[in-house]
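Student: If you want the building blocks of each chain, they are given just below.
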Amino acid sequence: MGLISAVSSLANPARFAAFATKALPWLAGLSAALLAVGLYMALFVAPADYQQGETVRIMFLHVPSAWLGMMAYVIMAVASIGVLVWRHPVADVSAKAAAPLGAAFTFLALATGSLWGKPMWGTWWVWDARLTSFLILFLMYLGLMALRSAMEEPSRAAKACAILTLVGSVNIPIIKFSVDWWNTLHQPASVIRAGKPTMDPSILTPLLICAIAFTVLFVTLHLAGMRTELVRRRLRTLRITTASAALAPEPAE
Amino acid sequence: MRSAHAALFTRDLALARGGGAGLGVVFFLLVVTLTPFAVGPDLALLRRIGPAILWLGALLATLLGLDRLLQADHEDGSLDLIALAPAGLETMVATKILAHWVTTGLPLVIAAPLFGVMLDLSPDALGRVALALALGTPAMASLGAVGAALTVGLRRGGLLVPVLILPLAIPVLIFGVSASAEGAEAGGALTVLAGLALGYAVLGPFSAAAALRALRD
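Top to bottom, those sequences are chains C and F. The first sequence begins at 1 in the working numbering and counts up one residue at a time. The second sequence begins at 254 in the working numbering and counts up one residue at a time.
In case anyone wonders, no lab produced these hints; they're calculated from the structure. Watch out, some of these pointers could steer you wrong.
Listed below are several chain C residues computed to face chain F (Cβ distance under 7 Å; list not exhaustive) [as the list claims (entries may be wrong)]: (1) MET140; (2) GLY143; (3) MET145; (4) ALA150; (5) ILE172; (6) ILE175; (7) TRP182.
Positions of the beta carbon are idealized from the N, C-alpha and C atoms, including for glycine.
Between the sequences and the hints, there should be enough to build the whole structure, so can you do that?
Tutor: Now the structure itself:
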């Protein structure tokens, strides 16, 4: 009960901003420390793969980026329900701050995947089902951000983006399924698929630490983005009130 | 007295008769015409990629009229009347989608076999493409209505709709092209395409109506 009331008290934008200001330095420090440990283990401690050699280390950046690219969309979908059902301003702030982060991590996953693909598949890009699905996810993030930037009024942008996010989240499983189906139909011969060996702890542990480090980094950036957005909105309201006060004799609108 | 739906439907058809409906087919023909210039006039190649060309052309052509689907009604105020009509906004939007499909999607379906002949498709393939397009274009219209409703009143709406809608339309394209192709998968793909069309026929009007309500708040 105490936890629930503590969390719901954060729904107040002012209290949320105060919490974010307090929590951010700690989270930033934690993510820096975790990243340092994770990257050290990934780059120096983890053994090179007997088949893929040193290139396997790209995985330690690739997998967490991909995981966050997907998690950001889930956060946006949950926040969108918050926007449409409870009409809560902080939910929209969260959805808005998550979109560029999700796009960035999705792009990182695509870029690292491409860099990894060059030595493994012999080409920068293959129309592999997972790569293609991620490319579509990236395009959906860009579409959402474009829709958001096309609307000046935050409350309208909030609802429009929430609807589009939810339509997208209904579609994502369909897209994933259809891309998988399409890919099995046109399975390219050039892709050498290594089986899926069970992961050795010497690789799994750094991977998990990297995943946690990236997640904490995401939470840090997300909180910072949300705080900035709250300030930006307060500034906008202030500007509008000053402007309408200057025009006081005339009725607003 | 006519029902609100019938009134809206006949009004949209009458408005479309004023022009613009044929433009989509002309654009479709242009895409089909441009492809041989891009890949070369090799009939064997064109026959192989013919269904894909027809699908891409139809997909792009359905995007053409979307920015006017609700924008024109928003500008002349009939969107407010539609919202005030004695019928659910969802079914009114569905009626608009149906009218939009009849005036822009159906001509593409009818033109596709004709253009397919130019790509040297076999009679069988022509029938399959037309059937698949008959299922796929309504799905596209439903999805497109969501994009149109989200961008009503925006200055940059015209360019935004394709960016929002095309990623969501990928399943329709995948199963549409597969249903048009020869092979054992075609039948299954056609059923999935029909399922997608039915699903989007529900998702589209509801989301578009929600977006229009958000606009009016």
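Student: At a threshold of 7 Å, is the proposed contact between C:ILE175 and chain F supported by beta-carbon distances?
Tutor: holds (6 Å)
Student: Given C:GLY143 as an interface hint, is the shortest Cβ-Cβ distance to chain F below 7 Å?
Tutor: holds (5 Å)
Student: Hey, does the C:MET140 contact hint survive, CB to chain F under 7 Å?
Tutor: holds (5 Å)
Student: Any CB of chain F closer than 7 Å to the CB of C:ILE172?
Tutor: Violated - the Cβ of C:ILE172 stays beyond 7 Å from chain F, reaching only about 9 Å at its closest.
Student: Interface hint check: C:ALA150, Cβ to nearest Cβ on chain F, cutoff 7 Å. Holds or violated?
Tutor: holds (5 Å)
Student: Just to be careful: measuring from the Cβ of C:TRP182 to every Cβ in chain F, is the smallest value less than 7 Å?
Tutor: Since the shortest Cβ distance to chain F is 5 Å, the answer is holds.
Student: Regarding the hint that C:MET145 lies at the interface with chain F, is the smallest CB-CB distance below 7 Å?
Tutor: violated (10 Å)
Violated hints for the displayed structure, listed by number in ascending order: 3, 5.
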